[in-house]
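Q: Put the two chains together into one complex; each comes in its own frame, and the hints tell you how they fit.
Quick note, the sequences are listed as chains A and B, same order. Numbering that gives the first Met the number 0 puts the last residue of the first sequence at 210; the count rises by one with no breaks. Numbering that gives the first Met the number 0 puts the last residue of the second sequence at 484; the count rises by one with no breaks.
Among the clues, some could well be false.
Once the Cα atoms are required to be at most 20 Å apart in a straight line, the calculated EDC-like pairs of lysine to aspartate or glutamate come out as [to be verified]:
hint, chain 1, residue 1, chain 2, residue 2
1, B, 289, A, 61
2, A, 157, B, 149
3, B, 328, B, 444
4, B, 289, A, 46
5, B, 179, A, 97
6, B, 289, A, 102
7, A, 157, A, 192
8, B, 289, A, 203
9, A, 157, A, 188
10, A, 171, A, 192
11, A, 157, B, 484
12, A, 53, B, 287
13, B, 289, A, 56
14, B, 289, A, 13
Don't read these hints as lab results, they were simulated from the structure. Every value quoted in this text rests on a predicted model; they were computed, and no experiment measured them.
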Amino acid sequence: MSDQYGPLKQAVIDGNADLTGALVQAALAQGAKAKEILEGALLPGMEVVGQRMKSGECFIPEVLLSARVMQGALDTLKPLLAEGEGGGLGTVVIGTVEGDLHDIGKNLVGMMLSGAGFEVVNLGTGISPAQFVAAAEEHGATIVGMSALLTTTIPRMKETIDALGAAGLRDKVKVMIGGAPVTQAFADEIGADGYGANAGAAVDRAKSLVK
Amino acid sequence: MPALPGPGRLTPRVSLLTDDAFAYVHGRTLELLATVGVRFASARARALLREAGAQVDDESMVVRIPAELVEQAVAAAPHDVLLAARDGAHDCLLDRSCTFVGHDGMGAMTLDHRTGERRPSTDQDLYEACVVADALDELGFCWYVATPNDAPPAVQSLQGIVTMLRGSGKHAQGDLSDPKLVPFALEAAAAASLGGVWDPARPVFSIVYCPVSPLQHDADALDAALLLAEEGVPIVVYSLALAGATSPVTLAGTIVQTNAEILSGLVALQLAAPGSPFVYVGNSSILDMKTSTFGACGPEALLFNLALTEMGHRYGFPVLSGGLSSDAKELCMQSGYEGGTMALLSTLARADLFVGMGMLDSAQFLYLPKMVLDAEVVAQCAHVARGVQLDDESVMLAVSARVGPGGHFLAARETRTFLRRGEHHQLKLFQRGSYEAWRAHPVSEAERATAAVDEILATHRPPALPTGGEERIAAAVAAAAEAID
Numbered sequence: 000m001s002d003q004y005g006p007l008k009q010a011v012i013d014g015n016a017d018l019t020g021a022l023v024q025a026a027l028a029q030g031a032k033a034k035e036i037l038e039g040a041l042l043p044g045m046e047v048v049g050q051r052m053k054s055g056e057c058f059i060p061e062v063l064l065s066a067r068v069m070q071g072a073l074d075t076l077k078p079l080l081a082e083g084e085g086g087g088l089g090t091v092v093i094g095t096v097e098g099d100l101h102d103i104g105k106n107l108v109g110m111m112l113s114g115a116g117f118e119v120v121n122l123g124t125g126i127s128p129a130q131f132v133a134a135a136e137e138h139g140a141t142i143v144g145m146s147a148l149l150t151t152t153i154p155r156m157k158e159t160i161d162a163l164g165a166a167g168l169r170d171k172v173k174v175m176i177g178g179a180p181v182t183q184a185f186a187d188e189i190g191a192d193g194y195g196a197n198a199g200a201a202v203d204r205a206k207s208l209v210k
Numbered sequence: 000m001p002a003l004p005g006p007g008r009l010t011p012r013v014s015l016l017t018d019d020a021f022a023y024v025h026g027r028t029l030e031l032l033a034t035v036g037v038r039f040a041s042a043r044a045r046a047l048l049r050e051a052g053a054q055v056d057d058e059s060m061v062v063r064i065p066a067e068l069v070e071q072a073v074a075a076a077p078h079d080v081l082l083a084a085r086d087g088a089h090d091c092l093l094d095r096s097c098t099f100v101g102h103d104g105m106g107a108m109t110l111d112h113r114t115g116e117r118r119p120s121t122d123q124d125l126y127e128a129c130v131v132a133d134a135l136d137e138l139g140f141c142w143y144v145a146t147p148n149d150a151p152p153a154v155q156s157l158q159g160i161v162t163m164l165r166g167s168g169k170h171a172q173g174d175l176s177d178p179k180l181v182p183f184a185l186e187a188a189a190a191a192s193l194g195g196v197w198d199p200a201r202p203v204f205s206i207v208y209c210p211v212s213p214l215q216h217d218a219d220a221l222d223a224a225l226l227l228a229e230e231g232v233p234i235v236v237y238s239l240a241l242a243g244a245t246s247p248v249t250l251a252g253t254i255v256q257t258n259a260e261i262l263s264g265l266v267a268l269q270l271a272a273p274g275s276p277f278v279y280v281g282n283s284s285i286l287d288m289k290t291s292t293f294g295a296c297g298p299e300a301l302l303f304n305l306a307l308t309e310m311g312h313r314y315g316f317p318v319l320s321g322g323l324s325s326d327a328k329e330l331c332m333q334s335g336y337e338g339g340t341m342a343l344l345s346t347l348a349r350a351d352l353f354v355g356m357g358m359l360d361s362a363q364f365l366y367l368p369k370m371v372l373d374a375e376v377v378a379q380c381a382h383v384a385r386g387v388q389l390d391d392e393s394v395m396l397a398v399s400a401r402v403g404p405g406g407h408f409l410a411a412r413e414t415r416t417f418l419r420r421g422e423h424h425q426l427k428l429f430q431r432g433s434y435e436a437w438r439a440h441p442v443s444e445a446e447r448a449t450a451a452v453d454e455i456l457a458t459h460r461p462p463a464l465p466t467g468g469e470e471r472i473a474a475a476v477a478a479a480a481e482a483i484d
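Excised from the complex, chain B in its bound form (with noise of 0.2 Å):
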């Protein structure tokens, strides 16, 4: 048989954005934050945008930001990201080439996997959470998804990071929304980091920062945001509008609206700090019309993502969507197929970065085992996303040949090579055998999963922190504590 070099790795790949579209989401995008504005609570951030030119009425504290202003903030910021990590191994960087997860968040309850007690959250439940984060490989970074409840709340945010550097060698992603507390949180990076000292070109934590829709952005938050900026920590604008309520009904609407509030965002952080590393956010939500609460998940969140993700991306902008997430409340079909589906979705739109392991209830709780059944579908989306390698080797007429009709490849040693290759997927966590040799052990889903975690906690230990460390971001949150107080 002649040979045939074949076309290579085929990947999957969704699309939902056309030129056309994209350019027109961009103008009308414009128009809005050049007409209605934005109101900017910030002081400082309206001073930046006047001097740069733009509009500010500080009675209203609105701004209309010119074209200009959004396509030079577009052009300032970096295409690629870098979320280092406290172990070098584990670095995420976003350069349109991988998709890393995280947890979900940021949970005020979690359902104690050892009681079934839906209670408030603790600072040792983010810290588990970032444990078990740390042992998973289908996890590549820390998110704030547990709030430290029992720390004093003028310092929680500050917790909640330090927390995260502690209990993973994994970046950490985090809030912090008072700009006190930004010293603090810089040192406590600092302890944490190799060498012990801050380090610009490898921030080993980032922010979220969140714009209140519609169209406002906080005094305090974004004041923390911009001084974060100007040190060189990476600031994740996540804007989550609930269509219907806090921005426009439709989806074409939201998604008009979020990407304005997400590119005011950036113009503030852009003149503060150009070049600064910026992270775009595809993701929004919906008002369940009926129950009045928080929809997370869905149909109108896939679009969402989708469409939000793809502009981010034709920006030029590292994104972070997302996955996993479920509006159910418990383990079910529900949450695995809405979970899955985001995920799925995320991973093939080739989002940088997705949120959303180990919640339930829209993000309302953490639930451990179900960080361990999440692994499994990203590890499963992540085979997805290999695609198919198509040449002539792996089409392996040859073997055909030899095995002939009637024959099987069972015994090949092309089989035997290719699955060490992993040419199939193997499942963890997930089922499949005879259903008599389940019957003979019906350990459920949930019990594997609860099984799974509780080994992980037992005995993986995350990496320690530098000589000193310890110590440093102790002093660190004490003083913070001291300082606010």
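One chain only, chain A, in its complex shape (with noise of 0.2 Å):
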């Protein structure tokens, strides 16, 4: 399998999007399950990316570059995968608290969350505890991801651990939060269930927490 898959999961390594596409027609064409292409070649192939990205072989951009491809990968196989299929590690309802409009970091965590097999809905910036509660309702969230720069802001965050509380849904859904302010530390303190220091740190405990 990883011969036949080998160019596809090379193609999303190097971000070739072209090469990605045009690949995944043609094993298509020639009968290849979509689950197969999914699991052969495309989650292989970043898994790649994370390693490099962590053995600080690769630059962020070119994380992104995988990530964009993988999703547009994705888009082209969802339709055809059965119930169930989804190869998608869940949903993760992403955005910068209340009071907030940093959300750079927020972006690159949602980037590399989709590109890592997660469904992300990416709410923006200044999103309230009602709003977060809303989109993890409507959404079927497997985790929500709570961001915040400004030391001002986090509060916000144990305030949406409430609201989800409230709403019945903590037991439902994971809970992670990040940004330059947030330590592990507080994330233990206000209930949070995983807590990043970095993108990649962020990704790799969002898969554990699903496992």
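A: In structure tokens form, the structure reads like this:
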């Protein structure tokens, strides 16, 4: 299988959208199953990209290019995947908390989560606890991810966790938090399930939370 | 020997921009402001800009700013700005003749030098950093170096200003991102000022206002800055792009965008309060593309600082730049190199202010012992900036004639005179002397710095507030907490 999908896997690693699209179409035309393409080429390709990021071999923009290529291929495959074969690891609803306009870190994590196989709903910035709750319900979120840069806005994270509890969702979703003023100790204190000190660590933590 | 007057004092200066380069960066900045525009979330700022002739799209909140408005704002802002101190001996007059140094900021965390634990910062941490600042001659003004996480979140920035005013007689430069806090901050500043009233001619505090890259202004923070500017509070516009993420990956693109963000803030401020005191910030940074974290230091930051400091000066503004910061997590060669080179370049670029004392980990945490080591670096930078006095007295040919070939200068009266005048810089915590002497008493640099900090905290007391000031300040914070809840 690795030989058969070697070029496709490499195209994902290289972030080559055109070649990835063409190879996915070719594989489908030859009768390959969507699940097989996903598991044989796309996810292993992203796995390599993730490893290279961790070891400092590649730049973040290269990871994002691969993630974008992966998303494009998934868009093609999704209608062909059987129920339960989403290949996905679940849905992450992600946003920057109310009062905070900073979103680069959150966007980075969002793009990398989608590259890793999560469905990502990016709510944007200035998201209130009620908006997080509504989005988690609407999208059947597996994980709610909150970001804040300003120390004055991180209390909104605890309020959101409380709001998820009040809505009866707390045992259905895992909560992840991140941002410069956030620490593991703070995550523990407010009862979040996960914290990533950087985008790569956040993806690893998200994967471990849904296993 | 015939007397020659000599050229006098020679002072080193670093420069990056030519006249053409300044004109080019300015021109590209105007193009960016007029075509791409800037998002102003503040309705008040949009109204001011619309009235002045800018093209405003209320739905997207994007304002395209014509060149004339920028030129008018540049012309309207004052060239000299006073950052007054409670203790008038520590006033910082920003007129291009001096470089004043402040803390780094703003740390959510503190590495407690007593316990070695890295933990969320408290109001007491900020207070102690200001007491140390008050005691150190090398530190000219206080910056919001630690977040008082133990204060109610809604009034933390006000608490920060208050604590800086209490902890030191030097000027306090803080953050205030909620317009509702403005009257309380002014009341606190009045209570700390001589005479007990707010005096716009002697602002004892100023505010750092940060646009959000790329090309955005938050509503609350800008509204607060506009109100403060109207009261005569100096506003420092600090745009902190992350090259490659929130600004172009290139140094050139980030320089132009940063300039555009600062100037767009200036336009709004000068429309609200023409002639109000303004400080340009010559500092930017990168996103580290392997770890996805903020990279405050390194060669890119040095070049950003040089280019932007010079842009600000060429416009005629006082400039705040960076120095002494480090991305290192401990006191080490990296922290010394990064902090020292940036401090020296900012000094030699003649920045009016630079910040960066007392923090590590890309300004993520406060570590008090670093402040006294930073002070040592600042003193050396100042000695370099003082340059070389070149005249017959300092060339000392007459003394050379007296000493003659093979003699020595140690016993010459002139040698003593020049040493007493400070011809040679004297170390405090840094070390010379013999290896054996050091071995006989091997106290590490960090231990010496820690002991120096402990000594300051045990013995130094900042000047007291005017009578009744403590009570008024406490009442202002309490009233703010009540009003905002």
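Q: Quick one, are residue 171 of chain A and residue 192 of chain A close enough, alpha carbons at most 20 Å?
A: Answer holds: residue 171 of chain A to residue 192 of chain A is near 12 Å, not above 20 Å.
Q: Given the hinted pair residue 328 of chain B and residue 444 of chain B, is their alpha-carbon gap at most 20 Å?
A: holds, 16 Å
Q: Next pair to validate is residue 53 of chain A with residue 287 of chain B; report whether the Cα-Cα distance is within 20 Å.
A: holds, 13 Å
Q: For the pair we were handed, residue 157 of chain A and residue 192 of chain A, check the Cα-Cα distance against 20 Å.
A: Since the Cα atoms of residue 157 of chain A and residue 192 of chain A sit roughly 12 Å apart, the hinted pair holds (cutoff 20 Å).
Q: Does residue 149 of chain B sit within 20 Å of residue 157 of chain A, going by the straight-line distance between their CA atoms?
A: holds, 16 Å
Q: Keeping to a limit of 20 Å between CA atoms, is the pair of residue 179 of chain B and residue 97 of chain A held or broken?
A: Holds, because 17 Å separates the two Cα atoms, which is no more than 20 Å.
Q: Does residue 102 of chain A lie within 20 Å of residue 289 of chain B when you go C-alpha to C-alpha?
A: Between residue 289 of chain B and residue 102 of chain A the Cα gap is close to 19 Å, so the pair holds against 20 Å.
Q: Run the distance test for residue 157 of chain A versus residue 484 of chain B: straight-line Cα separation, threshold 20 Å.
A: holds, 17 Å
Q: Regarding the pair residue 289 of chain B and residue 46 of chain A, is the alpha-carbon distance no greater than 20 Å?
A: Cα-Cα ~16 Å, so holds.
Q: Residue 289 of chain B and residue 13 of chain A: Cα distance at most 20 Å?
A: holds, 17 Å
Q: Given the hinted pair residue 289 of chain B and residue 56 of chain A, is their Cα-Cα distance within 20 Å?
A: holds, 8 Å
Q: Tell me if the straight-line CA distance from residue 289 of chain B to residue 61 of chain A falls inside 20 Å.
A: OK: residue 289 of chain B and residue 61 of chain A at ~10 Å, within 20 Å.
The structure meets every hint from the earlier list without exception.
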